[in-house]
Amino acid sequence: MLLPILRRLAEMLFVMFGISVVVFGIFFATPGADPAARIAGRNATPEVLAQVRHSFGFDEPLPVQYVKVMEKLFISRDLTSFVNRGEKVIPAVVESTPVTLSLVFGAAVIWVVFAIIMGMIAAATRGGIPDRLLMFLGLVGISMPVFWVGSVANLITQSRFHHTFLFSWVPGLGYTPLTQNPGMWFKQLVIPWITLAILYIGLYGRVLRANLVEAYQEDFIRTARAKGLSERRIMVRHALRTSLITFVSMFGLDFGALVGGGALLTEVVFNLPGVGRLTYVALQSLDLPFIMATVMYSSFFVVVANAVVDIAYAWLDPRVRDAR
Amino acid sequence: QAADHMGGTLNLTGASAAGTIDPQINYTSQFWSVLFITNDGLVAFKHVSGESSNDVVPDLATAIPAPQDGGKTYVFTIRKGVKFSNGKDVTPDDVVATFQRIFKVSNPNAGSWYNVIVGADACLKTPATCTLAGGVVADDAANTVTFHLTQPDSEFFYKLATPFGDIVPADTAAKDLGTSPAPATGPYMITSYDPQKNMILKRNPYYKEWSKDAQPAGYVDTINYTFGPKPEDEVTAIENGQQDWMFDSPPSDRLPEMASKFPNSIHINPLFAIYYAPMNVNIAPFNNKDARLAVNYALNRKSAVNIYGGPRLAVPNCQVLPPGFPGYKAYCPYTKNPGSKWSAPDMVKAKALMKASGQIGQPVTVIADDQNVDPALGTYLVSVLNELGFKATLKVISANIQFTYIQNTKNNVQISISQWYQDYPAASDFINVLLSCGSFHPGSDASINISGFCDKGIDAEINKNLITAVTDQKAANAEWGKIDAELVDQAPWATMFTPKQLDFVSARLKNFTFSDQFHMIYSQVWVQ
Amino acid sequence: MSDATTDATLPKTAAAETPEGPWRVALRKLFRDRTAVGAIIVLVLIVLACCAAPLYAKYVSQSDPFQSNLDGSITLDGNSVDIMQADTAGLGLGVTPIGPTWHGQYFFGADNQGRDVAARMLYGGQNSLLISFFATVVTLVLAAIIGTIAGFIGGLTDTVLARLLDVLWAFPVYLLAISLSIVFISKGIQIGPFTIPSNSLILPIMIIGIVYVPYVARPIRGQVMSLTRSDFVLAARCLGVPSFRILVRDILPNVTTTLIVFAPLMMALNMLTESALSFLSIGVQPPNASWGTIILDGEDLLYTQPMVAIAPGLAIIITVLALNFLGDGVRDAFDPRAKLRVKKD
Amino acid sequence: MTIPSKPMLKAESLHKTFKVGSRFRAGGIQHLHALSDVSLEVYPGEIVGLVGESGCGKSTLGRCLLRLYDVDDGRITFKDRDITGLSQRELRPLRADMQMVFQDPYSSLNPRRRVGDLIAEPLRVHGKHSASDVQARLRELMELVNLSPDFLTRFPHEFSGGQRQRIGIARAIALSPSLIVADEPVSALDVSVQAQIVNLFMDLQEKLGLTYVFIAHDLSVVRQIATRTAVMYLGGIVELGETDRVLHRPAHPYTAALISAVPEPDPQGNIKARTILRGEPPSPTNPPSGCRFHTRCPVAEARCSAEVPLLRALGDNRSVACHFPLDGSAAAHA
Amino acid sequence: MPADLMTANPDGTLLDVRDLCVSFRSERGIIRILENVSFTVREREILSIVGESGSGKSMTSLAVMRLITDPNAIITGSITYKGRDLLKLSPKEMRALRGREIAMIFQDPMTAMTPVYTIGWQIEEQLRAHQNLSRRAARARAVELLGEMGVPAPAKAAGRFPHQLSGGLRQRAMIAMALSCNPSLLIADEPTTALDVTVQAQILELLLRLRTDFGSSVMLITHDMGVVATVSDRVMVMYSGIIAERGPKPDVLGGPTHPYTLGLLHSIPPMHGEKPHRLPSIPGSPPAPMGRPAGCPFQPRCEFRMDACASRPPLFRNGMQEASCWLAEKGMPDWAHERAIRAAGEAA
Ligand SMILES: Nc1ncnc2c1ncn2[C@@H]1O[C@H](COP(=O)(O)OP(=O)(O)OP(=O)(O)O)[C@@H](O)[C@H]1O
Ligand SMILES: Nc1ncnc2c1ncn2[C@@H]1O[C@H](COP(=O)(O)OP(=O)(O)OP(=O)(O)O)[C@@H](O)[C@H]1O
Ligand SMILES: [Mg+2]
Ligand SMILES: [Mg+2]
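Read top to bottom, the protein sequences are chains D, U, Y, F and G.
Quick note on the numbering used here: the first sequence kicks off at 1 and runs consecutively.
Quick note on the numbering used here: the second sequence kicks off at 325 and runs consecutively.
Quick note on the numbering used here: the third sequence kicks off at 853 and runs consecutively.
Quick note on the numbering used here: the fourth sequence kicks off at 1198 and runs consecutively.
Quick note on the numbering used here: the fifth sequence kicks off at 1532 and runs consecutively.
Don't read these hints as lab results, they were simulated from the structure.
Note that CB positions come from ideal geometry on N, CA and C, so glycine has one too.
Check the hints yourself; a few may be wrong.
A short list of chain U residues far from chain Y (calculated; beta carbon distances all over 12 Å) [said to hold, decoys possible]:
1) Ala583
2) Gly648
3) Gly685
4) Ile725
Cut-off 30 Å, straight-line C-alpha distance, at most; resulting in silico cross-link-like pairs (DSBU-like, lysine-lysine) [stated by the list, open to error]:
5) Lys88/D - Lys613/U
6) Lys613/U - Lys653/U
7) Lys412/U - Lys88/D
Anything over 10 Å on all C-beta distances counts as not near chain G; from chain F, calculated [to be verified]:
8) Ser1327
9) Val1388
10) Asn1483
11) Thr1492
Generate coordinates for the entire structure from the input sequences, incorporating the hints supplied.
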């Protein structure tokens, strides 16, 4: 039992290592990315530049620099930013995590609930008007660029209709920690939640419907009917339960990716200081330590999500549980 | 009655933090405004509104010393009784250590400003062992510090008055302090700083006002500087009273609304800065002077001004120095009616010059950064170039690398969009820094002479004038004006405009005080 | 005995007189799907409209959508109206571009540079469509090559490629795309004697194309693996057909179906990605436009002239929606799984 | 029929294991012993039937014989040539001489290719025929399998199961092989069609002098077609001999049980005396010790669980792998 | 009027299907799958339905269960179960009947059981759906049932998932589930097709026992004549959506009166006696529902084809046996005689 876990861990480490190398490589392939000049200031003399370069170790071979960065990131854990010098990277990432978690978690609740409702209604009325309407709406949701939805939502709630009773409660953009002011936390996040959830409601609703419809063609549904079960029970306990296997694994992967920074666009549009925005800012300012840290963080979540999904898969689908 | 306005919290906001708060390293106007009220140098710019904010007054020194030894030696007497926020006294040793530290921490201008100090060369070579022996000498008994320069420097006091010259305790680590503040001497001290979130300033318990000009006491109790929101959201927050002031310029989209709804919250002040398009005089097509002139004639500075926010927020400019700056003499040849003022582009002349240059059809890439109005200015410049007959394209790159990217000759940048804000009120800060042979370093990311312009004759004039300035500032300024005009005639740039500073403040913020050097003085405004 | 005579009966389900290949069957199915046909029509209209951009710019909007027009004016209902209108109320700060006129000129209004948004949208549509189309081609081709090689050759090659895909897979798409964009857009690419300038459309095409490779390559690899083990490939092996011929004749045609099914969906995805990158100003470079960059332009005018951001957003939605509908239709028509299910019953 | 003394195909103690399971899951990789110590000789002109329960390794053996799978151990000789170690490339010329017909007439025909293409594929890759030759040969083949040559331009999905199986057969005989391994070629077909195909196999053998290894799970089909029959159980041959002898006087208890379990459409004999085996076949990943059948064997004794019985000759031209072979007459039906 | 109707209930008729037609609306018109299928199942009887793939066997059973959910299906006729017409029941009434009165098992026990629940759970579910049982009692009953079906270590097996069991055990679990509420009628749709002969024999044995142990009637659907011969009382042969022949097993298997039944019986290679040199076989393949010939659907493949075949023959009765063939109109056809003459002709 231990061996597979170790293998799994090794595989995760490998993937993270690969990603860190890719990021490091990309960064140093960027012209002008040499942080020395930026660190040195706007009219530094070449001598000062050389000093800075040396003191930051930028004159060392890339592998050495790589190892140093990783050492500082994982072992001494005191990697600091190139842009906001002295700013420790790890606390910054840790601090932005709750923001991203708040965003993604709330959105996830919305999208799971609505997607399940939507999928079930559509599957139950398959071919009918509600089905077609819901599937169309789902497709519209999938087709909307999230940043655009966010912008339009901002336009409506922050400006155009901010003074009507509908949206007067919407506070300014930003994030208030749950611990500090739960009401504010909620109010500030509702619109981002919905914005982020729209895409996934469409996606999951459609996938769930397809799975349910497929499940309905399975023999075991016929068996369940032959057992004299009610349609509702057949839907929930048999069709939905088996369809949830794909649903949950999709959810796991998406949730992991979002927590890992995939909600970047939403965070940028709604000015939520989460990991996605942190990553984006770091990428924009070519702040290598931050880029490394956020990308490691995000790949960690993706990799962990992959592993969790595997476990969840086995938990949901006993066929997978047994080594075949 | 000023006492009625004491207390409260001043809420400042900016889209992002500006890096380290080490006074010897930070080189951003955003945090210089903060350091302006937390730390002091031997001398300081006056903490007042208006023109006199460009004056240097004694700060930690008791007086501005008279030059000795033909301007090569200055003896400062250190003020007694001033304490750091850690409770220790400011001593001559601290001053010596501070100037050593400038080299030890690789201050960006160590090599360009402070290299006049005796012993600086050795410090530049091996910063770790910097002593500045014979350059900065403390005399504890007399409570003085003596500076020995290798040559006279008319701008030496200015260089001491910027935050680089802020005195820090001798035991301050000789490395970038990063996010931890240096002990303060001013009325406020930074108590916490998280670049992702905010900076908090509280009153410095050891501060006692010693000179109202140099470092007056502050009104508010706390200053909370929040980082993160986009300029749009900053505007909204100020409108709603959640913030008092924003560092970023408000998006032009919001200007009409702000102007009509909150006219009293808007303060517009001149800036000593220019927006310009440096042209690389060493590679095609702008190694051809006619081509450069054509661009200058064709550039509709009114359009550029409109992009920036309209005529109230910027003034067209053709020259190197911004209006009102020491040495400024209005001069604009690149207009319909050449003279002192730009009126309209002269397309006919531009096209003729273009034809003469033989550069029609040449490909040109404009490099702009991705912040604020720069992409829009770049886009506009591309239109102008295309109209002239170039095959122009725009390349927008991250603001973080654009500035170094356009400096490095290896990148073969032909033309770009850039800005320059003064460091201190001396014409050399534009002319000498931006267009002298000495600031052109081919192949280096640090080559602030972006045009790569190097005219031996003009360079000689500049050097001569720098000496003149030590003794006769007035004559020097007149000469700077002439040099400026000569440079404009060579057209290494197409200057676009000089922006103005628009400060948008909350309704409750009063006693708005604007220093030409450091903009809004946080210690002087009221929120109660 | 009777069965010695030739068996000439064919199930009459194959009603067609001429033999119909799987391709034609699928196409027939596709063209019978009303939603899919509707989607195709919409797409064709959009493509035609975008192709007509120069005509529109010249004859309808009468402006150059790539040249700033900061001090121009147009005639509207007999009055001359400035395109960039300086604010006169209050302090008179700011300059606002003209809003939607709902006339030929400046139909959707002007952007910050005084350019006709409607005309730019048509040009931007060209880029958006081009990028998403060719990025799809890049993704599908690379994915097909990698997936097929990995799945067909197996062994060490497969392990290496699969690991590589794993790494890319664990890299959130946007992060990878943004990283690559920032690098390449600041520099361009130099491959030997060829230089791809940083404002070339090839860059976003390559970047978007590459980041989605694992999403397609993985299923392709799986499919090729199972095809490689399928009875008919075994049969071909048994007949002594060389591996390469098996690959070309037996495996690739089946993979092609999958690619076709993926194509519209990938294109929809790519269009969204392209717009997102452009929105983050690391996609199409100004003054060139794409729907994403126009939204970005509009973002700066959201409070005064929201139409500049809304119109291209709607264009994206309609196009992506049509692509997704087409994708559904194509999947229904081509998905071999659907066919298998019919067979089994 | 007289059996020549020299086998056409000779397999000597073949072993084949598959790796199943995943490194990343509980249980890890397991070894599935699909074939253990299987020896078989096929003589020219005969039809060897191969029967046994699902999963006992019939297909695996068939595929190993044709080197579609690599064997782990053992030796395969085809026409006096050791083909065990040949690479697929080296095997290619030999393919013309040994062919396979697959069980599933649906999955063994590439749905994207025309019937003519499918059948012509071997002709083309072996390059012995010119284009017009190919056409002529195609017609000939279609006639041989009783299909109209008009069908050549059609796609497999338009055909019924029986017709598809004919296409598969036509493809297999296209190069006039001398050996055909038919892997349950009739199992997927309806009874009425099954008879047509069985007849076709027999006709072809007569006309072309083919040799078959005919895999089936239906004993009556094997009885109809095979000259010799091998009975497999859990990866090994338990009994091998002339079909009639094996089926009517089984010597191995498993063969006996298998035969007695076959339901027969005999209207009178309502319920025949049956020895119904209890339990299910054990897992091939974890085969029982000793005689693999001992867990279900009605006559097993202690020795059976300890000692592996070897396949040994019984005299009447057959061999059995059992410590206690049945008295042939006891198991035979009247 | 067929004689069946008169003898409907008196001799213990459980299920009476009359003129059952099932068709599907499709783009290419109406596809007629079942045409006028009528039959009865008596109490404690095993009725086998045989026929080739696609002949409509499953469709018949699904129609009885009212499990044809396709909205395009058109079902006419009557299905009378214990005096009630199933086609007229409300969905709720039908649901109460399903599983309790009429139970069904399917060909492939792997796909026919929900893969994510243990078999114990699935049996429980059915018990609890129809009987007011506590979970514990239901589980106990489920284990008991599994034991009765000959599942070794039933308590342990109840905790297993379908995929963890072998095919035979799965099929037993299916049967246990079907029998859990003591149904009067068990419909078994090819219950042994997926199994090996040795396991199949076990299952058939079990089916035979049902009648004695549970008193159920069984409708056994298969395409294997051997299975028919082994277990059934009466046989119904279907061909392309119609009933070709039906009657008591010994009669139908011993003396078929429809050429299709005859062909079917002859196509099976015999296990005993002389091996035919060539297997007699039916040429061609069964027609698809859309491609059914006019008249007798078997006509194109029939070696006794005659002019009358152009019109559809009704079921002709000969003794206990009925066949839908014009040859049967005049009584029992003399196959033996016919075939002997043909054989002689061929040999010559
Ligand atoms: N490629 C493979 N990988 C792993 N296991 C395999 C593979 N092929 C066959 N097996 C396993 O080997 C064993 C023998 O399989 P084989 O297909 O030879 O049986 P069979 O007798 O042909 O069965 P059937 O009658 O079902 O076709 C089975 O347990 C099967 O699961
Ligand atoms: N929803 C449907 N629409 C149209 N035709 C259908 C539908 N469902 C089944 N059929 C057709 O009905 C016919 C009868 O099917 P049925 O399943 O009853 O055959 P069967 O006798 O049970 O065959 P098998 O032995 O293969 O199970 C088949 O030809 C099938 O293709
Ligand atoms: Mg097999
Ligand atoms: Mg069926």
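*List, from low to high, the hint numbers that the structure doesn't satisfy.*
Of the numbered hints given earlier, those the structure breaks are 1, 4, 5 and 9, listed in rising order.
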